[in-house]
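Student: Sequences are here, hints too, so could you generate the full structure?
Listed in order, the protein sequences are those of chains X and C. Heads up, the first sequence is in the working numbering, so the first residue is 3 and it goes up one at a time. Heads up, the second sequence is in the working numbering, so the first residue is 3 and it goes up one at a time.
It is worth saying that the hints were derived from the structure and are not from the lab. One thing to keep in mind: the hints can contain errors.
Copies of the same chain look alike in the list, so a pair counts if it fits in one copy or across any two.
Unchecked claim - As a list, the in silico BS3-like pairs of lysine-lysine whose alpha-carbon atoms are at most 25 Å apart:
1) K442 to K343
2) K69 to K81
3) K216 to K177
4) K288 to K12
5) K183 to K12
6) K268 to K12
7) K69 to K12
8) K343 to K12
9) K81 to K298
10) K183 to K457
11) K216 to K442
12) K268 to K288
13) K216 to K288
14) K81 to K449
As the structure is a prediction and not an experimental result, all values here were calculated from the model.
There are 2 protein chains.
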Amino acid sequence: MPDRFEILQKDLAGRIGRLSTPHGVIETPVLMPVINPHLQLIPASEIVRMGANMIITNSYIIHQDPKLRDQALEKGLHKLIGFQGPIMTDSGAFQLSVYGDIEVLPLQILNFQFNIQSDICVPLDIPTPPDVSREQAESELRLTEERLIEAAALDRSSLLAGPIQGSTYPDLREKAAGFLKDLSFDVYPVGGVVPLMESYRFRELVEVVTAAKKGLGSGAPVHLFGAGHPMIFALASALGCDLFDSAAYALYARQGRYLTVRGTWKLEEMHYLPCSCPVCQEHDQKELMESQQRIKLLAMHNLYVSLQEMKLVKQCIREGSLWDLLESRCRSHPRLLDGLKRLGSEGQWLEGLDGSRKSTFFYLSPESSFRPEVIRYARRIERLMLEGDVLISDDPEADTAGFDHVLHFKPPFGPYPAELSETYPFNAEVPENPDDSALKQAARNTKRLIEANPKARFSIRLRSLPESIGEK
Amino acid sequence: MPDRFEILQKDLAGRIGRLSTPHGVIETPVLMPVINPHLQLIPASEIVRMGANMIITNSYIIHQDPKLRDQALEKGLHKLIGFQGPIMTDSGAFQLSVYGDIEVLPLQILNFQFNIQSDICVPLDIPTPPDVSREQAESELRLTEERLIEAAALDRSSLLAGPIQGSTYPDLREKAAGFLKDLSFDVYPVGGVVPLMESYRFRELVEVVTAAKKGLGSGAPVHLFGAGHPMIFALASALGCDLFDSAAYALYARQGRYLTVRGTWKLEEMHYLPCSCPVCQEHDQKELMESQQRIKLLAMHNLYVSLQEMKLVKQCIREGSLWDLLESRCRSHPRLLDGLKRLGSEGQWLEGLDGSRKSTFFYLSPESSFRPEVIRYARRIERLMLEGDVLISDDPEADTAGFDHVLHFKPPFGPYPAELSETYPFNAEVPENPDDSALKQAARNTKRLIEANPKARFSIRLRSLPESIGEK
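Tutor: Given below as structure tokens:
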């Protein structure tokens, strides 16, 4: 099968990609609104107008309804739903995870998806939840893998998804991903993570997604199954997730909840509608509360804000400013900040993936000390070969007479050749007063540079000497 | 004159207020789009539909154009502009600051504003720019004050603005504000700050605005003259600014610039339009670039995003979450972070103003250690009267047998009575690992508590003992 996924641009572990499907080529990251085949809260035609170009629906629900099933087999999935772009179908695994049992066999529901011409078909796997015993995670993973081997062997014209399970065991996730990448799947959903997202366990989400990504390698498209709240799109995209699905837009609307990129409000507790989407332009809070169409209108707002955030994520990847967006977005909740810190601890992994073209480096918090550019420079600073008298100074006006080399000093980088001052990343915009995290990193780099150049004589002239210079 | 300004709700130094004018009552903070009397890039009627309910225009431009002047005197300002809500008028001071000279006398342009029934009239003051000598700042301030004394003595039915000058000298700003508050003005613009905002000198902006606010007291409405970029609305509102004016929506549009709450993009460098406003819903980036109406459409987007941010600021003030918004917004640029840090250093001032009803306290960065709730608790902790055996523990499962008092421990607060665990602010959501700033504050509070209770015997059992416990 030809390569279905092409990567156009990279930032952190995120990327702009192109995924080819039987019903068209889709730019990723992409948000697929979930459409209920029984009841379209927002009709597919309206969803297209709102800017969605790919959707996901549930093949199990269609299969279990004789009328829908016959129509789907007769006219095809796309005519049934009324959507001509790519459609992904879920398998009923979600129902399995909720009800413990479903009334269809794995190959039966997969072949049904093939027969109704779904663009991306998902085998019926076992979505193991977080926090189960290792034994359970392993045995369910074995069952999932058996089914996936069976699925991968089938003839198909659709794309096939290979879900990665493994509960909250990163090593199992990595192993599962490594196993699947050698089979012929087209898209890799990370499954069983909805409970992590629902309870804001974003550190662990970062852990399991990172593990799966490491096992898969960077070339494969990854679907974060059930990720529909716009507050996590930036973080999940930075981890290298390419496909997202949102039932959230409708589920939250039914609960009277208003989505924003910073979290969720109950509509009844709001005083204003701080949004420019058509719904929020045409209604104020009171009108929306009292509208007969409240659920649909809220769902529309929720979907607008979600599609908008995905566009912002893509814009930031294009210009290499995704970390800056994370600095804002992960300050919506302490658990998201935990997620960002966890991502920061993967500096070496990120550095290996991260593209090099960047907009200006902004130092925005202690977490900025863990950006790939900082890690990269820390690794390379020992390559600076210096001899004779070397001045390290943070004063651009310093008297440099008599020195063989002049290095400027800027936390978190520490010393760098003066002639690179206007070059990325050393032209970074930094706060007036560096924080401890930046100073420590600068001190570590200074020490490394000095140790790597035993023949040079260093003079350090800093307007405010960090106490930690010289410490490890 | 009856009290024109009523404060309904407070958060940090920000507030929801009601300002009464001859043409209606306005809820603050409010953004006044600037309308050019010669050429309405977006007609006033459209601006109303977009959600603006107050505007500002320039009386000097009207006065210098014989045709406009005659119409304004004959029909009144509101009919001339085509806007029936409150209109503020500027005096020509901006032209004075740009061209160095204008062709009208102070009382002449003020009386003209009264005569055309402007709702808020601005005397012709001297807008001293940043960084001038102290002598110049002082002498220009004296001239401004003479004119303001003269203005305040006039009969009027309009509201009168008393601009606060003083360049980048906080003590002059505070003195100027203290002087004006005893005269009968209705609104207090902080003037001469556009150059600070244009060059991202947000720390100094915080300094001069804070100084002006201290001089004025908390009851007076403050206008931040020339503040039109939505990236600073949250910070400026948190300082207690109530009125904002935006020429930025149109000026940036003429330069092909697209405003967002996180900064500005050149339209030509964008790949997507990450916004849900009607303009960005109806066009993609390419269509907008190529549109004959590009400048107007960009201006509309810029105004939509500005009005939207003001609604978000108000929503956050209503629910007491303005600091959380600052944590996100001030991570758009290191200079905004400098501004937030400067605001944090005004903890005592903020604590005196800040309302007490709050949503959950989120610890989101080292700057969260400077929130008013933290300052307040640090001041009150010595009032905890303890005797006998006291346990301080961060383990909810700790064995408390034999202790007379049990205190929980959570940075940045440090120890607090266990029975307050579910109470604001001790029910704070904090990161898994506290940062240095939180630990230092918690250690200081612990020390203070121990010193205030010499008769009690303290046992400290922390799962991870901060090194700094016991230090100052």
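Student: Now look at each hint and say whether the structure bears it out.
Tutor: We went through each hint and held it up to the structure:
no. : hint         : in the structure
1   : K442 to K343 : both (17 Å within a copy, 20 Å between copies)
2   : K69 to K81   : within (14 Å within a copy, 63 Å between copies)
3   : K216 to K177 : within (9 Å within a copy, 62 Å between copies)
4   : K288 to K12  : between (43 Å within a copy, 22 Å between copies)
5   : K183 to K12  : within (21 Å within a copy, 56 Å between copies)
6   : K268 to K12  : between (36 Å within a copy, 21 Å between copies)
7   : K69 to K12   : neither (45 Å within a copy, 58 Å between copies)
8   : K343 to K12  : within (21 Å within a copy, 33 Å between copies)
9   : K81 to K298  : within (23 Å within a copy, 40 Å between copies)
10  : K183 to K457 : neither (49 Å within a copy, 67 Å between copies)
11  : K216 to K442 : neither (29 Å within a copy, 37 Å between copies)
12  : K268 to K288 : within (13 Å within a copy, 37 Å between copies)
13  : K216 to K288 : neither (49 Å within a copy, 37 Å between copies)
14  : K81 to K449  : neither (66 Å within a copy, 71 Å between copies)
In this structure, the hints that do not hold are numbers 7, 10, 11, 13 and 14, in rising order.
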